[in-house]
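**Q** The chain contents come next:
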Amino acid sequence: MSQAVQATRSKVTGDLYAEVQTFYARQMRRVDALDIEGFADTFTDDGVVVHANGERAQGRERMVAGMRANLPRYRDIAVRHWFDHLLIETDPEDEDTLRVSYYTLVTQTDREGKVSFQPTFTVDDVLVRRDGELLTRSRVIHRDTPVELPAP
Amino acid sequence: MSQAVQATRSKVTGDLYAEVQTFYARQMRRVDALDIEGFADTFTDDGVVVHANGERAQGRERMVAGMRANLPRYRDIAVRHWFDHLLIETDPEDEDTLRVSYYTLVTQTDREGKVSFQPTFTVDDVLVRRDGELLTRSRVIHRDTPVELPAP
Amino acid sequence: MSQAVQATRSKVTGDLYAEVQTFYARQMRRVDALDIEGFADTFTDDGVVVHANGERAQGRERMVAGMRANLPRYRDIAVRHWFDHLLIETDPEDEDTLRVSYYTLVTQTDREGKVSFQPTFTVDDVLVRRDGELLTRSRVIHRDTPVELPAP
Numbered sequence: 001m002s003q004a005v006q007a008t009r010s011k012v013t014g015d016l017y018a019e020v021q022t023f024y025a026r027q028m029r030r031v032d033a034l035d036i037e038g039f040a041d042t043f044t045d046d047g048v049v050v051h052a053n054g055e056r057a058q059g060r061e062r063m064v065a066g067m068r069a070n071l072p073r074y075r076d077i078a079v080r081h082w083f084d085h086l087l088i089e090t091d092p093e094d095e096d097t098l099r100v101s102y103y104t105l106v107t108q109t110d111r112e113g114k115v116s117f118q119p120t121f122t123v124d125d126v127l128v129r130r131d132g133e134l135l136t137r138s139r140v141i142h143r144d145t146p147v148e149l150p151a152p
Numbered sequence: 153m154s155q156a157v158q159a160t161r162s163k164v165t166g167d168l169y170a171e172v173q174t175f176y177a178r179q180m181r182r183v184d185a186l187d188i189e190g191f192a193d194t195f196t197d198d199g200v201v202v203h204a205n206g207e208r209a210q211g212r213e214r215m216v217a218g219m220r221a222n223l224p225r226y227r228d229i230a231v232r233h234w235f236d237h238l239l240i241e242t243d244p245e246d247e248d249t250l251r252v253s254y255y256t257l258v259t260q261t262d263r264e265g266k267v268s269f270q271p272t273f274t275v276d277d278v279l280v281r282r283d284g285e286l287l288t289r290s291r292v293i294h295r296d297t298p299v300e301l302p303a304p
Numbered sequence: 305m306s307q308a309v310q311a312t313r314s315k316v317t318g319d320l321y322a323e324v325q326t327f328y329a330r331q332m333r334r335v336d337a338l339d340i341e342g343f344a345d346t347f348t349d350d351g352v353v354v355h356a357n358g359e360r361a362q363g364r365e366r367m368v369a370g371m372r373a374n375l376p377r378y379r380d381i382a383v384r385h386w387f388d389h390l391l392i393e394t395d396p397e398d399e400d401t402l403r404v405s406y407y408t409l410v411t412q413t414d415r416e417g418k419v420s421f422q423p424t425f426t427v428d429d430v431l432v433r434r435d436g437e438l439l440t441r442s443r444v445i446h447r448d449t450p451v452e453l454p455a456p
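Protein chains in written order, with our numbering: chain D, 1 to 152; chain V, 153 to 304; chain B, 305 to 456.
Chain D on its own, in the form it takes in the complex (with noise of 0.2 Å):
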């Protein structure tokens, strides 16, 4: 990166870091309650879900029915999303919206306090503020893959 790009990159204040940090914190609660309503709230209602399989949801009926699929995976294990290393993004030009990036490790417990790990993940976002309050409009969750490095 070249200092002149460094040079005109905005500082995150701790304001908006303890906002974004605040708003993941809420959110993640309600995805790991599988609160599937609850959860697609915090999205606006044209929100995308790109998986890391390339799956696309968009809009926060698709989204609840894609969850709902799914519940029967998280019966007998409870799940939660850990985040590390956010990137907070602000564009000068339009303070209410933000690209936010950053890693995933996702642990799943089981009844006996069995910890088993998904993949790690890292996971673009752009997030919008709307009456004040934080909201996903799109999300692009990519499965961490090995750099390819020149053969030995």
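In short, the hints are calculated from the structure, not lab data. One or more of the hints may lead you astray.
What the hints assert, rightly or not - One side of the interface only, derived from the structure: several residues of chain D facing chain B at Cβ under 10 Å:
no.: 1; residue: 13
no.: 2; residue: 23
no.: 3; residue: 34
no.: 4; residue: 77
no.: 5; residue: 150
C-beta atoms are modelled at their ideal positions from N, C-alpha and C, and glycine is treated no differently.
Starting from the known structure of chain D, arrange chains V and B on it as the hints suggest.
**A** Okay, now just chains V and B, sitting in the frame of chain D:
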């Protein structure tokens, strides 16, 4: 959560977010160093911890005694508590009392470097600020359990 | 820690907390992408890393050479570094130098999605701000080891 409820939630400032994170960063270093007295000092004199199994320890003396009894568990194990998704709620009428909830993942690393995991937990704390420093007044630890789904 | 020591600690502002977290979010994306030169560029020219095994690499050139030699380790592995519990200490007489310590968990995900873990680490950094951007001047990595308990 209704829009009305959301509208009355006060925003967490960046300074408060950093203050709470820093408090936990110090508190967890002490518990992970098995510095029992130092850990107990991060609680109020009448501080209470309710463990996931329902056991309750109130007051620094009982807290110290309980942790001392558990010390043999940590022989040959480096334990680390990882937090995520802090939700900080402030009381507009008492800015020195905070309700904080967070996810916890606990790693145990043995001498060979093998990492194992305790079940995941969600914790509800009440923190109070005394002479400018945060202390834990109460902590309730919940083991994460599967959500009950309707029968298939 | 005495009350007197606590009283003289300066509070970490939200802005500084967000700045440091953002720095690490960028730095870890580079190391996890195996962008060796990009990672080295997040250090000062005379930057030094002391690894948990005692190996020491000073200066970007040696850092790059060391990492390049280790690249084959990451064939077919997606590595991710997860941070937690940042403690940021500022020097009131030099606001452009920071001492930061943090917990690190390192995941390695293979092509099938299986996640494995390196031992946990605690890291002590010195960061400096140059032309408004943070850089790492030194990093000392400690492998977490069991606390020595009195004989049973």
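**Q** Each of the hints needs a verdict: does it hold here or not?
**A** Do the hints match the structure? See the list:
1. 13: holds (6 Å)
2. 23: violated (15 Å)
3. 34: violated (22 Å)
4. 77: Hint violated; residue 77 of chain D Cβ to chain B Cβ min 16 Å, cut 10 Å.
5. 150: holds (9 Å)
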